[in-house]
Every structure is written in C-alpha cells, then in structure tokens.
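A.B. asks: Chains as they are written, first to last, in the numbering used here: chain W, 1 to 148; chain V, 1001 to 1066.
Hints were generated in silico from the structure; no laboratory data involved. Positions of the beta carbon are idealized from the N, C-alpha and C atoms, including for glycine. Some hints here could point you the wrong way.
[Said to hold, decoys possible] Example chain V residues on the side facing chain W (calculated, C-beta under 7 Å, incomplete):
# : residue
1 : VAL1025
2 : SER1032
3 : TYR1038
4 : ASN1057
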Amino acid sequence: MTLKSVLDCERRSLEKMKKYQLPNRFKKIGFAILIISFISLFINKFFVNNLEFTLITKYGMLVGLLIASISKEKIEDELISNLRMQSYTFAFIAGVIITLTNPFFSYIVDFFIKAKESSSNEVGDWQILWLLLSIQVFYFEFLKRLHK
Amino acid sequence: MKNKLKIERAILDITQDELAKKIGVSRQTINSIEKNRYVPSTVLALKLSKIFQKPVNDFFELIEGE
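Between the sequences and the hints, there should be enough to build the whole structure, so can you do that?
C.D. replies: If you want it as structure tokens, here you go:
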C-alpha cells in the first residue's frame, strides 16, 4: 500500500463523516430562525397566548439550533472537527446529568418556598432536546474562542 | 508532545496564516499546535513535513512518559 493510498483512505473516511453537515451560510440562517422563534414565543406568551403557535415557535427554536449545530465553519479543518466532537460529548454528559438532577432541585425549591402545588418534576422531550442542542452550540463557540 | 513548528516556520520565514493556507487549515489550528494545545493528525504532520522538507521526527518530539 503506497503512502498516497493510505492518505486517500484516511481522507475518504473523514469526508464520509462530514457529509451530514450543511454549508457555512446555514449557520446564520439557523441562528436567525432561533432568534425569530424566541421573539415570537415571547410575543405569543404575553399578547396572543395561542397554544398551537407556542408549539410551533418551540419547535422553530429546536430547528434553528439544529441547523446552527450541523452547519460547517468557514474553514472546517481537523481542529474544528475535534472541538465539535468534544462539544457533542460534553453536551450529552451535561444533558444527562442536568436531566437526572432536575427533580432533586425541584424538590429542594418546593421544600423551601413551601409550594402548595408541587411544580412539575418531569422533563419533556422538548426541554431535553433544547438543553442538548443549546449546550452543544454554546460550548462549541466557547471552545473555538479558547483556541483563537 | 513538544514541537519546533515556530522555529521551522521562522526558517522558512512564513507567517502562521501563510503556513495554514499552504496545508489547508485555519490559522487557529497552526497556533494551537504551536502552543501545544492540539496534537495534529498524521495527515497534517505529513503535510507539514512536506512543507518543511524534513522528517516528522525533526519537528515533533515525544516527551518522557508519553
């Protein structure tokens, strides 16, 4: 096996992993969807109060975060791929820990403020997905700043 | 792992940005390697070796215990 074929093989396997990513311009589109959905959610909550619209804006936020999460950087090299992998790992572990400890903290808060009705301890699918995606996106940006 | 990337770059008299463009990575990657915050892949090490026209062992060195 020549050195060139070894390099080609390694490059091909790396490129296969990158195929799921969107071009860099989608990053801005993703953040724009996130901000628009977030503002719409607030407007809806205080002025319109439509349940269906709330659901749409919540899912809009998830779609925006997902697009921002899977879009490439301007120069998508191996350092960026490495940081991306680190951020997904961190988001997964942090997401699981926060989800597991959430009922415990809710119980403590309920105990101290002596709430008559216990607040909901269950974490919904939207909250988990939002938590995972937002931790990944913001931790990735943090790691990028560390490597400037 | 120690490296002499900065010295090799000085010998060729090129900036981090110029070296980054030659091997197709970002300037941040070169900076991270120089500051020992990132260990490059074999592909990148071989590309650097080609630019510097030296074996990889000449500018990357394992420290004791690694």
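A.B. asks: Each of the hints needs a verdict: does it hold here or not?
C.D. replies: Verification of the hints:
no.	hint	result
1	VAL1025	4 Å, holds
2	SER1032	5 Å, holds
3	TYR1038	6 Å, holds
4	ASN1057	16 Å, violated
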